[in-house]
Amino acid sequence: MVRLTINGRVVQAEKGEMLLVVMNREKISVPAICNHGAVEAFGACRLCTVEITKNDWNGWKNYVTSCLYPVEDGLIVSTHSETVINLRKTLLDLHLARHPHSEHVRQWAMEYGITQTSFEEIPDGDDCILCALCTRICDRMGFAAISTVGRGHGKEVAPPLNEPPPDCTGCLACAQCCPTEFITFSDSGTSREIWGKQFEMITCKECSKPILTKDFAETLSKTRNIPADYFEVCDECHRKATALTMGKISQWQREDTAS
Amino acid sequence: MKKQFSVDPNLCTGCRTCELACSFTHTVDGKAGRPRIYATPGGFEDLWVPVTCLQCDDAACVKSCLVDALKRNPETGAIELNEAVCVKCMACVAACPFGCALVDPEQDKVIKCDLCGGDPACARFCPTKALTYKPSELKASKIKVLG
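Those protein sequence lines, which keep their order, are chains E and Y.
As numbered in the working numbering, residues 1 to 259 make up the first sequence, in order.
As numbered in the working numbering, residues 260 to 406 make up the second sequence, in order.
Be aware that one or more of the hints could be misleading.
Quick list of in silico lysine to aspartate or glutamate cross-link-like pairs, EDC-like style, CA-CA up to 20 angstroms [as the list claims (entries may be wrong)]:
| no. | chain 1 | residue 1 | chain 2 | residue 2 |
| --- | --- | --- | --- | --- |
| 1 | E | Lys-222 | E | Glu-236 |
| 2 | Y | Lys-322 | E | Asp-126 |
| 3 | Y | Lys-347 | E | Glu-193 |
| 4 | Y | Lys-368 | E | Glu-181 |
| 5 | Y | Lys-322 | E | Glu-218 |
| 6 | E | Lys-155 | E | Asp-126 |
| 7 | E | Lys-222 | Y | Asp-327 |
| 8 | Y | Lys-368 | E | Glu-236 |
Calculated directly from the structure, the hints in this document are not laboratory data.
Whenever a hint applies, use it, and build me the whole structure from the sequences.
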């Protein structure tokens, strides 16, 4: 156990825990866009930067990304000091210059009072902030269908060789978790398209509502040992069927007590 | 003593108070949640079945989750979904053979019954006691210990 001070409040934490995890638990909020509970911290967005110091640092301070900083005894953390706010403003200012058309980036900048970037705007900048949350989640799920490619300003998220990724199952986790909703997909009811790959959807055999892609269902059946017929009916029709089964049992009970 | 959530369709009148109680209990930021329990017609006259999560021993939702967002709470025996870990791939929604893992489109998340952390609101508000949450009456040897 270690004791540290965050914004004047003494909190306890396990040794080696990341500062952001401790702050989340203590309901102390800092912006953390590239952070997700399913994957390890990555430190891409830098917005969770906080000010740290210790009593024996003779007034010296350091600025660290809280998601990657393991807590230690006697740490004094400030999440909203003037310097930290200015640091975050600069980061958001840069984000805004790079992604001027993203509503999400605009919203985050607005929260820190920035409506217009002070840097030179990239007019054709896309909405991908390169947080790599999509690729990390894809790895975590065991598919690793997409990855970041290139370096420097040419870096982007893409499937191998920019061709439809063979390992993608069309689960949409990447698109669901993208903080700027940059990853696009289309659902037509019987088919789905993402990363340039076409998927056939399984539709409910009772009401023909699309459930999930055939590829994803096959993967789950194979790797997780789930009977394939579980995926043939949608949740609502499953509930109806459950009610009818339980209804039959209840009706027998009724008839039993009546006779 | 372990408590058990039980459903008696023969006492259910289909009043849907459970759905309301569930929805209000899971309100977030002023948005009422989607109910995790549904009073559904049981196929016979005046027969309603409140369909909710059965907290299966060998649950398909837990098996289907590729990021381990679904874990059993040893205190209550309920399988709980960790929203911070969920990646919304909808595997559990598709896998549950009872249709009790759902999507809440308003709050934009996957939901399932968590027994309200040990005090299920549906059971508390059920006017006919069709839903109850009380110490198990079955012999301990007959129940598989959850978790």
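Verification of the supplied hints:
no., hint, result
1, E:Lys-222 - E:Glu-236, "25 angstroms, violated"
2, Y:Lys-322 - E:Asp-126, "37 angstroms, violated"
3, Y:Lys-347 - E:Glu-193, "17 angstroms, holds"
4, Y:Lys-368 - E:Glu-181, "16 angstroms, holds"
5, Y:Lys-322 - E:Glu-218, "14 angstroms, holds"
6, E:Lys-155 - E:Asp-126, "12 angstroms, holds"
7, E:Lys-222 - Y:Asp-327, "17 angstroms, holds"
8, Y:Lys-368 - E:Glu-236, "17 angstroms, holds"
Hint check: violations occur at hints 1 and 2; the rest are consistent with the structure.
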